[in-house]
Structures are given as structure tokens and as C-alpha cells.
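Peer 1: Protein chains in written order, with the working numbering: chain A, 4 to 273; chain B, 4 to 273.
Since copy identity is lost for identical chains, a pair holds within one copy or between any two.
Under the rule of at most 25 Å between Cα atoms (straight-line distance), these lysine to any residue pairs were calculated in the SDA-like manner:
| # | residue 1 | residue 2 |
| --- | --- | --- |
| 1 | Lys-163 | Gly-38 |
| 2 | Lys-140 | Arg-237 |
| 3 | Lys-140 | Asp-27 |
| 4 | Lys-95 | Asp-81 |
Calculated from the structure, these hints are not laboratory results.
None of these values were measured; they are calculated from a predicted model.
Number of protein chains: 2
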Amino acid sequence: MAAWGERLAGVRGVLLDISGVLYDGGEGGGAPIVGSVEALARLKRSQLKVRFCTNESQKSRGDLVGMLRRLGFDISEDEVTAPAPATCLILKERGLRPHLLIHDGVRSEFDQIDTSNPNCVVIADAGEGFSYQNMNKAFQVLMELENPVLFSLGKGRYYKETSGLMLDVGPYTKALEYACGIEAEVVGKPSPEFFKSALREMRVEAHQAIMIGDDIVGDVSGAQRCGMRALQVRTGKFRPSDEHHPEVKADGYVDNLAEAVDLLLQHADK
Amino acid sequence: MAAWGERLAGVRGVLLDISGVLYDGGEGGGAPIVGSVEALARLKRSQLKVRFCTNESQKSRGDLVGMLRRLGFDISEDEVTAPAPATCLILKERGLRPHLLIHDGVRSEFDQIDTSNPNCVVIADAGEGFSYQNMNKAFQVLMELENPVLFSLGKGRYYKETSGLMLDVGPYTKALEYACGIEAEVVGKPSPEFFKSALREMRVEAHQAIMIGDDIVGDVSGAQRCGMRALQVRTGKFRPSDEHHPEVKADGYVDNLAEAVDLLLQHADK
Numbered sequence: 004m005a006a007w008g009e010r011l012a013g014v015r016g017v018l019l020d021i022s023g024v025l026y027d028g029g030e031g032g033g034a035p036i037v038g039s040v041e042a043l044a045r046l047k048r049s050q051l052k053v054r055f056c057t058n059e060s061q062k063s064r065g066d067l068v069g070m071l072r073r074l075g076f077d078i079s080e081d082e083v084t085a086p087a088p089a090t091c092l093i094l095k096e097r098g099l100r101p102h103l104l105i106h107d108g109v110r111s112e113f114d115q116i117d118t119s120n121p122n123c124v125v126i127a128d129a130g131e132g133f134s135y136q137n138m139n140k141a142f143q144v145l146m147e148l149e150n151p152v153l154f155s156l157g158k159g160r161y162y163k164e165t166s167g168l169m170l171d172v173g174p175y176t177k178a179l180e181y182a183c184g185i186e187a188e189v190v191g192k193p194s195p196e197f198f199k200s201a202l203r204e205m206r207v208e209a210h211q212a213i214m215i216g217d218d219i220v221g222d223v224s225g226a227q228r229c230g231m232r233a234l235q236v237r238t239g240k241f242r243p244s245d246e247h248h249p250e251v252k253a254d255g256y257v258d259n260l261a262e263a264v265d266l267l268l269q270h271a272d273k
Numbered sequence: 004m005a006a007w008g009e010r011l012a013g014v015r016g017v018l019l020d021i022s023g024v025l026y027d028g029g030e031g032g033g034a035p036i037v038g039s040v041e042a043l044a045r046l047k048r049s050q051l052k053v054r055f056c057t058n059e060s061q062k063s064r065g066d067l068v069g070m071l072r073r074l075g076f077d078i079s080e081d082e083v084t085a086p087a088p089a090t091c092l093i094l095k096e097r098g099l100r101p102h103l104l105i106h107d108g109v110r111s112e113f114d115q116i117d118t119s120n121p122n123c124v125v126i127a128d129a130g131e132g133f134s135y136q137n138m139n140k141a142f143q144v145l146m147e148l149e150n151p152v153l154f155s156l157g158k159g160r161y162y163k164e165t166s167g168l169m170l171d172v173g174p175y176t177k178a179l180e181y182a183c184g185i186e187a188e189v190v191g192k193p194s195p196e197f198f199k200s201a202l203r204e205m206r207v208e209a210h211q212a213i214m215i216g217d218d219i220v221g222d223v224s225g226a227q228r229c230g231m232r233a234l235q236v237r238t239g240k241f242r243p244s245d246e247h248h249p250e251v252k253a254d255g256y257v258d259n260l261a262e263a264v265d266l267l268l269q270h271a272d273k
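Okay, chain A solo, but in the shape it has when bound (with noise of 0.2 Å):
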């Protein structure tokens, strides 16, 4: 532990995962990982920056962070980094008119989009909303296009609520892509621009920079892909096997985000 700690040198901004890491979804919006609601405070009254990087694409910005509020955690909503915003803009740099097979949750972030005659589709964790019918009316929007266009908001296997676990978007996503035999254009981790774009946001290089996830390849070897390091916590998603994941090794596991903070503050300013 004390080893890997020293690999902390120099960073100077973290991003944060946010489910898993500071919370568990689930009834009632779910509930604060124990020790994470003082463990960020801690780490934003430190000198080191702090965003929040996030695969969340059941619920729209304010929702999200007006949730983790009511769980007690000092959160705003422009340090939030998360798919619909980015795919938004996306949408509008290339003229596209998407189809929505997302959650009603986060149907407020696309309020601005023209969504008449559809020449792509957008699929976010739209969770109950994976309906047959609604997989369907995507699989034939698509079939119909002469060049389908598929943006996936992640690609995320499964998540961790309070019940269990979860299918998240990325399953879905590939079920469509080998219904039609294309390939999803990743919005969110583990895509590099979406990183880079957090990492532009929170003003600090990719070499300065850690990541802390409970996603052993969208947090931990995305962050790494980019030029981070990156810490994997042992809540949320996490599973032991993930230590001895074939491709990919955390610079380091801490069993909470307590922890992790407890060794920046520790190691990072050396």
C-alpha cells in the first residue's frame, strides 16, 4: 500500500466517478458510500482540483447533482462532466436529428434538439425503458438509414444499486450493433475525447491527473489510455477479480474513496 502510494507525486486534479464512488443508486435514490460524503469535503478543502466524471445517463445534470446534494455531498452542477451534455453538441456540430431510446430522466438535456425525421440514434441507460418495443422502434429507425449512425452515452456492462446489480447501457448497445452489424460512437468513458474534455474542463494535464472508479476498464483503463493514473475502489461495481484482470492494472486499489483521499492528501503535493 505505502509502496504504490508514492505514485501519487504530483497530482494536482482528480476526477471523480460518481456512482459506486460516492454513492449506490437504488429505492428512493439510493445511498452515500460510508465514509465518501466526508471524503470529498476533505478533498475539496485540499489544494487539489476536483470534477466529476460520470457515465450517468439516466438522469439530466440537475437531477443528478440535486440527489447527491440531498446525500449530503458539496456538489455543483458545472463540475459535472457527463454524456448528454456532450452529446448533445455532437449532435448539433454534425446537423443530426436523433431518435431517443433514453430514460424520461434525461429527456429535459435534449429539450433543444430537433428529433423530427430521425438520421441517428441515441442510446442512453434508459434502464425500465429497454422495452422490446422500444429496442425494436431503434433496431428499425436504424435498419431504414442508409448510413446508420448509433451514439452510445457509455458503454458501461453493469452498475451496482442498493438491490443489485444492474444492466447499464452498454449490453443494449451491443445488441443493437449486432442487429444492424455496425459500431456505436461512444459518448462518455471509456471514449478518450471524453476524458480529455474533463480534463480541459478541470485545467490540469493528463500526466497531473488521477482517476478514481469502481469500473475496472471505463474508469481505471480509459483514465490510463489517456495518460492518467488511475485507483480503483473496491465498492460500487467493484468485484475481486477485477485485481487480476488480464489487461488491466489499476495504479492502485483502495477500499473506498476515504481511503483514496487519505492517501492524496498523504502523497500528492510530494
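Following the hints, complete the assembly by docking chain B onto the known chain A.
Peer 2: Quick look at chain B alone, frame taken from chain A:
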């Protein structure tokens, strides 16, 4: 056309796909494809052996055959090779107890199977049964197993109903494979074991058999890999781009079953 018709010489047995070749499913049971009822009757009056090789997994064989007979087709249950009965044999051989993610219409095929305390998952074309809740339940069962085993009844991308293209089981199998980091065992086309069991039941060698189907991968490529010849019909889910598939070339393309039967009766016994 005439040129490749000669490639039919020496055919003694014909394997017929059902959906998209005999009929298109849909509201009220679907509709026969023009000329198919009469073409099947002619084929059965010939010297050629005939067997049906389907990935239908929404209906029991009894219900499927009953529906086809009502549409006018000369078909009986013991002429049909279908994935549900084949799966039951495998489950019994290996002492496996499945969690079933299947359509109610095929549930009776599994009446004799112990589904208590499941140690594998069977996924079939569940149609509207592919709710988020049902998919998540199958996912959770797999994630709790030390060695997760997933059987997929076919791996078709989509099929055609009278109302349009519909997602088949394959995309949902891909979703669970990705979510769990596993690979499914396919029971059905294009699995070689499945084609071989149909050939055994027809008592014809692969080199003397021809498959007629609407799926360039599941039917045509699958049968060719087993040493059979294969025709693709331009009905059902056929799309013009299939004739320029980068990896698969059918031994011939015909407008429909009626044209296939014309050519077979003209060339097969040469």
C-alpha cells in the same frame, strides 16, 4: 441462373428453413409466402427427402406445425428439427437446471426440465418477454454462477414479420455475453451440431443435401460450413446487399421457394 442450376446435381435431401421461406410471421399467425404452399407440395411429391430446419424458438413444435398446417402447408411435427427439443437433450445429458428467458409459447417444450436452483440460463426468442426486468434477472443469475453457462436458441439478428423487421434472440444473447464477459453456446443454426442432427434425421449425407433459407449467415454460411450446398431465397429477411456479402456466397439465389423447387426438380437427379 441456368449456369448455377447445374450445381444442384446429385442433391438427394432438402433442408428447409421455415420463417421467411414458407411464411412470414405476424398478426393473426402470419401469411404464406406466395407460391410456397404449392411448392412444398410439389417437393414432397418428388423423390427428394425433405426436412425442416428452423431456429423458431417462440413456439413449441406442436404449435408451429399446427399454425403452418392451418396456412395450408403439408408438414408434421416429426419432420421438424428445432432448437428447444435439442436444448432439452443437452440439459439432460449435462445435468443442468436452466433459468428460462423464453416466450410462453415455447414453455411447454421444457415441461420435463428441472428449473429449480438454476445453474445455467437458456435464452430464446422471448419477443415482448425481453423486458428490462427479465433480462436483468437472467444477467443476475449468470453473475451469481461460478462458471456461468448460457445457451442461446439460435443467434439470428432479426426476422421479418408482416409488420416489418423484428429483433431476434441474437442481439439479446450478445447483450448478456457482453454484460457477463462470457460466450454463449448456440443451439440451432448456424451451429454445425444442429445441422448434423437434421441431416442424421433426414438420413442424407451433407454433400447430398441442400439448405434453402432466407438468412445469408445462419442458413447459407452455416450449411456450407457443414459441407452442404445452400440457396438463399429473396423472401423473408433477405436484403439485396446479401448477394454481395463480404464473406458468404450462396450456391444460388432464387426469388422464392417456388423457383428453388422448380430448379431442384429440374436438376437434382441429374
